[in-house]
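The hints should help you fit chain B onto chain A, whose structure is shown.
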Amino acid sequence: MKRKNWTSFLLILLGFSALFGSCTSTDVDATSTTGSTTGSTGTTSNSSSSITTTLSATATTTTCGSTGVAQIVCLAEAFKATLSSTQVSTVQLTYSKANAQKWSNLPAGMSSRVGINLGALSDTQLLAFRNLMVAVLALNGMNEGYDEMLGNLVADDYLNSIGGGSTYGAGNYYLSFLGTPSTSSLWAILFTGHHYTQPITFNAGAVTGVTPAFRGTEPQAAVTAGSRTYQAFEQERVAFAALLTGLSTTEQSTAKLSGSYNDLVLGPGQDGKFPATKSGLQVGTLSSDKQALVLAAIRLYVNDLDASTSAAVLTKYTSELANTYVAYSGTTAMASQGDYVRIDGPSVWIEFSYQGGVIIKNTPHSHSVWRDHTADYGGN
Amino acid sequence: MTKLSRISSRRSGWLLIFTLLGLLVGLPKQASAHPMPNSVVLLNVHANRIDAELQIPLVELQSAWGHAVNDSSAGLVARLGPQLRAYLKTHIRPQSPDGRFWNVTVGELTVHESQNPINGVYRELTAQVQMLPPADEDARTFTFHYDVVLHQVMTHKILVSVRQDWERGQLAETEPVQVGEISLDIVNNRILPLSVNLTSGHAGPGSYWTGFTAMIKLGMQHIAEGTDHLLFLLVLLLPATLLVAGQRWGRFGGIQYSLKRLLAIITAFTAGHSITLLAGSLGWVRLPSQPVEMLIAVSILVSAVHAVRPIFPGREAWIAAGFGLIHGLAFSSTLANLQLDAGPMALSILGFNVGIELMQLFIIVLTIPWLMLLSRTQVYSVFRLTAAFLAAVAASAWVIERITGQPNRLTQGIEFVSPYAPYGLGVLAVMALLFTWRLTRASQLPVH
Chain A
1 MKRKNWTSFL LILLGFSALF GSCTSTDVDA TSTTGSTTGS TGTTSNSSSS
51 ITTTLSATAT TTTCGSTGVA QIVCLAEAFK ATLSSTQVST VQLTYSKANA
101 QKWSNLPAGM SSRVGINLGA LSDTQLLAFR NLMVAVLALN GMNEGYDEML
151 GNLVADDYLN SIGGGSTYGA GNYYLSFLGT PSTSSLWAIL FTGHHYTQPI
201 TFNAGAVTGV TPAFRGTEPQ AAVTAGSRTY QAFEQERVAF AALLTGLSTT
251 EQSTAKLSGS YNDLVLGPGQ DGKFPATKSG LQVGTLSSDK QALVLAAIRL
301 YVNDLDASTS AAVLTKYTSE LANTYVAYSG TTAMASQGDY VRIDGPSVWI
351 EFSYQGGVII KNTPHSHSVW RDHTADYGGN
Chain B
381 MTKLSRISSR RSGWLLIFTL LGLLVGLPKQ ASAHPMPNSV VLLNVHANRI
431 DAELQIPLVE LQSAWGHAVN DSSAGLVARL GPQLRAYLKT HIRPQSPDGR
481 FWNVTVGELT VHESQNPING VYRELTAQVQ MLPPADEDAR TFTFHYDVVL
531 HQVMTHKILV SVRQDWERGQ LAETEPVQVG EISLDIVNNR ILPLSVNLTS
581 GHAGPGSYWT GFTAMIKLGM QHIAEGTDHL LFLLVLLLPA TLLVAGQRWG
631 RFGGIQYSLK RLLAIITAFT AGHSITLLAG SLGWVRLPSQ PVEMLIAVSI
681 LVSAVHAVRP IFPGREAWIA AGFGLIHGLA FSSTLANLQL DAGPMALSIL
731 GFNVGIELMQ LFIIVLTIPW LMLLSRTQVY SVFRLTAAFL AAVAASAWVI
781 ERITGQPNRL TQGIEFVSPY APYGLGVLAV MALLFTWRLT RASQLPVH
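The listed protein sequences correspond, in order, to chains A and B.
Once you know that position 147 of the first sequence is 147 in the numbering used here, the rest is easy, because the numbers rise by one and skip nothing.
When you read off a place in the second sequence, starting at 1, and then add 380, the result is the number in the numbering used here.
So that you can see chain A by itself, here it is in the shape it has in the complex (with noise of 0.2 Å):
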């Protein structure tokens, strides 16, 4: 009997230690990548997601009658009214710098952003919400203004497709109205995602600061959704190509730079330090259709927003580009990694880097950030 007691308890042992094998840890490694693309020109690849359908629709009804400002206010009051009362809490923040800094370039799930996020969205309120950046973007541009940011959006649903984890895609892009909208007072737009970034600050019914803007993309080559196939940062990045190698020999020479960038010089967290001194060519040497050049890669950012705001800007610009210098480093072909290229002007900023791929290894892609020396943050 005693005897039994002792060989049972083994067995019990025995059999509990049998259990495990079928408890070990069945982990699987959620990152390797089930796709890949090729050079910045080369595979496309279907990747729609339920809210980039929605926001690629194309008709809109709103009973915003009013225009500039005041159509934004209604715009964001009807966004807000498709809410619930929780959801407004969310979207709805105090303006305060802190909760303006709150961008990245960053998967929002890496680097937390403030705000509502599409995924929480349903098609209803992200037609609202349609609406909204219809009004301040611009809109009818192939990869420019508003379809820059869908296709932003697509890119990033493609990275989610392929692996990149749950940090990626279309419904980790945020929106936030910093102060409550109003064409009196102080407020802010915040549209912050992982590669796609654009803050609209106001002040007494009138727009103060259209930056820092962050764009970029991986991938870099086009991606197909639906039946539309986007290529959200490649006009730019043609633009710069073709910037720079217009340049003479000595030109080009002057806009070197001496060090190497790899990525960003003033990406998020970098506020105001602008360089002291200046680097590279100035624009006012070079002949007018180089200038034009210059002007046609600072037109690709700024015209990505509603047409009254970027004239106003691109006019200030434009006076004076004969004060902004470009720089670059690398190769003036903009196509291989560690190419960089910078234009710093009185107000202007605006750096573009195409960098090593993250989620597609050995494929190189683009980070660029637009900022004002002035008017960032609407100046505050």
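Treat the hints loosely; a few may be bogus.
As the list claims (entries may be wrong) - Chain B regions said to be covered by chain A (calculated; three or more residues, Cβ under 8 Å):
1) 524-537
2) 561-571
To be verified - Dumping the calculated SDA-like pairs for lysine to any residue here, alpha-carbon to alpha-carbon at most 25 Å:
3) Lys-361/A to Val-457/B
4) Lys-278/A to Asp-565/B
5) Lys-273/A to Leu-610/B
6) Lys-273/A to Trp-750/B
7) Lys-97/A to Ser-112/A
8) Lys-278/A to Leu-572/B
9) Lys-316/A to Gln-235/A
10) Lys-290/A to Ala-311/A
11) Lys-256/A to Asn-323/A
12) Lys-361/A to Arg-503/B
13) Lys-361/A to Gly-446/B
14) Lys-361/A to Gln-435/B
15) Lys-640/B to Trp-750/B
16) Lys-361/A to Asn-499/B
17) Lys-256/A to Lys-640/B
18) Lys-537/B to Lys-316/A
19) Lys-273/A to Gln-532/B
20) Lys-640/B to Leu-667/B
21) Lys-361/A to Gln-495/B
22) Lys-278/A to Gln-532/B
23) Lys-273/A to Val-457/B
24) Lys-640/B to Asn-717/B
25) Lys-361/A to Pro-497/B
26) Lys-256/A to Gly-446/B
27) Lys-278/A to Ser-563/B
28) Lys-273/A to Ala-98/A
29) Lys-273/A to His-531/B
30) Lys-256/A to Asn-569/B
31) Lys-290/A to Ser-347/A
32) Lys-537/B to Arg-520/B
33) Lys-537/B to Ala-311/A
34) Lys-361/A to Gln-532/B
Claimed, not checked - Covered stretches of chain B (chain A as the covering partner; in silico rule of three or more C-beta atoms under 8 Å from a C-beta of chain A):
35) 435-448
36) 490-502
Rather than coming from a laboratory, the hints here were simulated on the basis of the structure.
Note that CB positions come from ideal geometry on N, CA and C, so glycine has one too.
Using the frame of chain A, we list chain B on its own:
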């Protein structure tokens, strides 16, 4: 998650929880940009020199240095070792306050893969560098001229941290403390050296005493967090108060009998682990950690079986000493990793051992009175068998984990439950008091 799971399950659940919290809360806040991987410089501060470990992402090194170190990283050290050492030496120049530069020696170079959530997997060069100040200068205050990669790649950043500073009580066991960052001063377009002063701050200038007490704390922490070490000790003590009756455990052997046996077991265990702790940390014996960790789990299993039926009655002390030797090996790897000079090492071994003993005594003093009380009652055999059974299950789970290198649900469960062990002690105390009270009352009842 896989990386977390690989953390030795010897650490208590608290550590796991803190690490998780750190990952969940800390990381997203730190990362505001999409940086190319940074360089990291980890300083091990010694009395008269600093041993630094450099971690340099090859993709950045390639941009700075020109050679295709990232595009063809295989056999890199064999191919370009001397040039790499010369390059590093040119760009690492610590300088004493009087202006004299230190002597820099570049030691071992290795190439391996690294990973972070932002950049994914990338290849990295690790370089061991010794930095020696002029003979009459101290190693704690210097201007760190360091621009490896950064001299060319303007977007590069170098994070400088102290990984170990024994005299200030900082050990490599804990997170490195960041001293500063070397990066481009964008506004003025220049790279400034980092001013390092390791005598200021709340830790004070540091001394052998600070180092010694830090080692005592580390020893205590090792036992407190070493669920398996603790479990081994407790399971071994489980039948120590009992007499052997034939092939079985019998009744309570009396206070004097119990104390003598407890003392013998604890002393033997201490003697055992002290020997291997000394031998291991001085580098005389070095065993890979996997078999050692596995043997520790086996020691618990054997003790659990012994607590059910006496398999080595009267020889507990010898067994304790033998298992002590194994446990000491596990402790010693901690010390050996510190790579201390002779003086601090001797003090560290002593301090670490004192810490281990203090914590063991503390646990024993907290537990033994209740075990002795409870072992006089009828319920003790049930308690002993249950405890032994649970310990055996835990030990089996650890054995499997340490053989396969994969955590299983049970070991993860132990990680989760172990922080609540102090409550178990409370339950033990209540049980002991309750059943002792009933026993006393029963014996006081009128007999007729």
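* To do: Would you mind confirming whether the straight-line C-alpha gap from Lys-640/B to Leu-667/B stays at or under 25 Å?
  => 34 Å, violated
* To do: Starting from Lys-537/B, check that the Cα of Arg-520/B is at most 25 Å away, please.
  => 23 Å, holds
* Does the alpha-carbon distance linking Lys-361/A and Pro-497/B stay inside the 25 Å limit? -> 14 Å, holds
* Asked: Given the hint that Lys-290/A pairs with Ser-347/A, does the C-alpha gap stay at or below 25 Å?
  -> 20 Å, holds
* Asked: Can the restraint linking Lys-273/A and Val-457/B be considered satisfied, given a maximum Cα separation of 25 Å?
  -> Since the Cα atoms of Lys-273/A and Val-457/B sit roughly 39 Å apart, the hinted pair is violated (cutoff 25 Å).
* Asked: Given the proposed pairing of Lys-278/A with Gln-532/B, does the C-alpha separation stay at or below 25 Å?
  -> 18 Å, holds
* Take the C-alpha atoms of Lys-256/A and Asn-569/B, compute the straight-line distance between them, and say whether it is at most 25 Å. => This hinted pair holds, its Cα atoms lying about 15 Å apart.
* Within a Cα-Cα threshold of 25 Å, do Lys-278/A and Asp-565/B meet the stated pairing? -> Within the cut-off at roughly 14 Å; holds.
* Lys-640/B and Asn-717/B: Cα distance at most 25 Å? -> Since the Cα atoms of Lys-640/B and Asn-717/B sit roughly 37 Å apart, the hinted pair is violated (cutoff 25 Å).
* Asked: Does the structure keep Lys-278/A and Leu-572/B at a Cα separation of 25 Å or less?
  -> Given pair Lys-278/A, Leu-572/B holds - Cα atoms ~19 Å apart, limit 25 Å.
* Are Lys-273/A and Trp-750/B close enough, with their CA atoms no more than 25 Å apart? -> 66 Å, violated
* Would you check the hint for Lys-361/A and Gln-435/B, treating anything up to 25 Å between C-alpha atoms as holding? => Distance of about 21 Å is within 25 Å: holds.
The earlier numbered hints that this structure contradicts are 5, 6, 17, 18, 20, 23, 24 and 33.
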